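Student: The primary structure of each chain is shown beneath.
2 protein chains.
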Amino acid sequence: MGGTGAEGRGLAARLAAAEVPVVVGSRTMERAREAAEKIQASAGVAVEAATNEEIIQRCDRIFLAVPLEGAVDLILGHGDRFRPGTVLIDLTVPLAFTGGVPTIKELPEGSAAEHLKARLSPAVGLAAALKTVPAHVLGHPELPLDCDEFVCGDSAESRAAAMELLGKIPALRLLDVGGLEAARTLERMTLLAIVLNKRYKVRTARFRVAGL
Amino acid sequence: MGGTGAEGRGLAARLAAAEVPVVVGSRTMERAREAAEKIQASAGVAVEAATNEEIIQRCDRIFLAVPLEGAVDLILGHGDRFRPGTVLIDLTVPLAFTGGVPTIKELPEGSAAEHLKARLSPAVGLAAALKTVPAHVLGHPELPLDCDEFVCGDSAESRAAAMELLGKIPALRLLDVGGLEAARTLERMTLLAIVLNKRYKVRTARFRVAGL
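In the order they appear, the protein sequences are chains A and B.
Just so you know, the first sequence maps onto residues 27 to 238 in the numbering used here.
Just so you know, the second sequence maps onto residues 27 to 238 in the numbering used here.
If you're looking for bench data, these hints aren't it; they were derived computationally from the structure.
Computed from a predicted structure; not experimentally measured.
The reader is advised that the hints may include incorrect statements.
Any copy will do: because identical chains look the same in the list, a pair fits if it lies in one copy or spans two.
Said to hold, decoys possible - Lysine-lysine pairs mimicking DSS-like chemistry, simulated, CA-CA at most 27 Å apart:
no., residue 1, residue 2
1, 224, 131
2, 194, 64
3, 131, 227
4, 194, 224
5, 227, 194
Turn these sequences into a full structure, and let the hints steer you where they fit.
Tutor: In structure tokens:
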């Protein structure tokens, strides 16, 4: 788990509550420990803390619950030191706010997930998930997710790895939407949810697929 | 109503069943009449038939339930002959199938809706709606829509016009998602629904927004 913000902590707490062994990571041990303590205090579940460096050596399922720039740094900074068979699970959305108006940063690869993939060793798998879950809901582990989330990835194996882990979280249905190019849609759907949140004055807009 | 295909007929039947006076249009009167007869035979509701030429002279709410190319032709072919205050309601999605794999055609304006807007007289309003509703469901008026649909448009008035008409259809919640640029997301969501349909072997995948 990379990411000590509210979303990362919320995800860590949900996974830990589902009895997944979780290590929260940050660039510094101090920030990782602070995050672990906050998770213990708010959600009452214990998680380990470690530096990103150590997480990359120890863990083979790593959530990128950080801003896109942080995910790029993490990937570029650790080059080929990932363990064989590692799958990264990308939660990033390339949002920008221009005068308070949310937009999506246009990336040459088409999406943040594909932007990360282009910088990643081919030995490491990449899936994208939980991109459309509202930060407000994910960050409050006492709120059930109560939605569908879309999983795409660079291979069926990467998607299966993400779905196996996230499948342990209650009240969440995971839908496999194929290759990473689906992230172009998913990242825009986050923007759509933010537009709906602003327009309808909520912080909880999220998606369900009917007819499946 | 421009569009005599199954989707256009399904929409016309739903509106007519909700007591909206509907005229189905086509380039030729013969095809328009055929469509009106099919609607009468399958859904048991009567609708008028007319050429697109006549529809543009008579109607001030016109659904573009045609392929994108047809919508472009309709707009370019009729220039500034639209009635003052007309609002076009765009249902098009710029899908392409490459070796059986569905993709979205990249348009310089970002979306089909914005592509149409760029070709339209400023005196005519444009909204986009029902882009993500499955063709299979829309085309069978006996199936309730049972979903949320997103409405965007070039002005609050255009969106309100679309929402007022479509709001008469039962089992459909309309969500205002702002300016036409939202169509970039909506058109991709149609692609996502098609991917889900193929992967989960249904023809009915569509969206609901939770937490609103």
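Student: For residue 227 and residue 194, with the copy left unspecified, which applies at a CA distance of at most 27 Å: within, between, both, or neither?
Tutor: Close across copies (25 Å), not inside one copy (31 Å); limit 27 Å.
Student: Up to 27 Å between alpha-carbons, please classify residue 131 paired with residue 227: within, between, both or neither.
Tutor: within (24 Å within a copy, 34 Å between copies)
Student: If the cut is 27 Å between Cα atoms, do residue 194 and residue 64 qualify within a copy, between copies, both or neither?
Tutor: within (22 Å within a copy, 49 Å between copies)
Student: Up to 27 Å between alpha-carbons, please classify residue 194 paired with residue 224: within, between, both or neither.
Tutor: between (31 Å within a copy, 25 Å between copies)
Student: Within, between, both or neither: how does the pair residue 224, residue 131 come out at a Cα-Cα threshold of 27 Å?
Tutor: within (19 Å within a copy, 30 Å between copies)
Of the hints listed earlier, there is not a single one the structure fails to meet.
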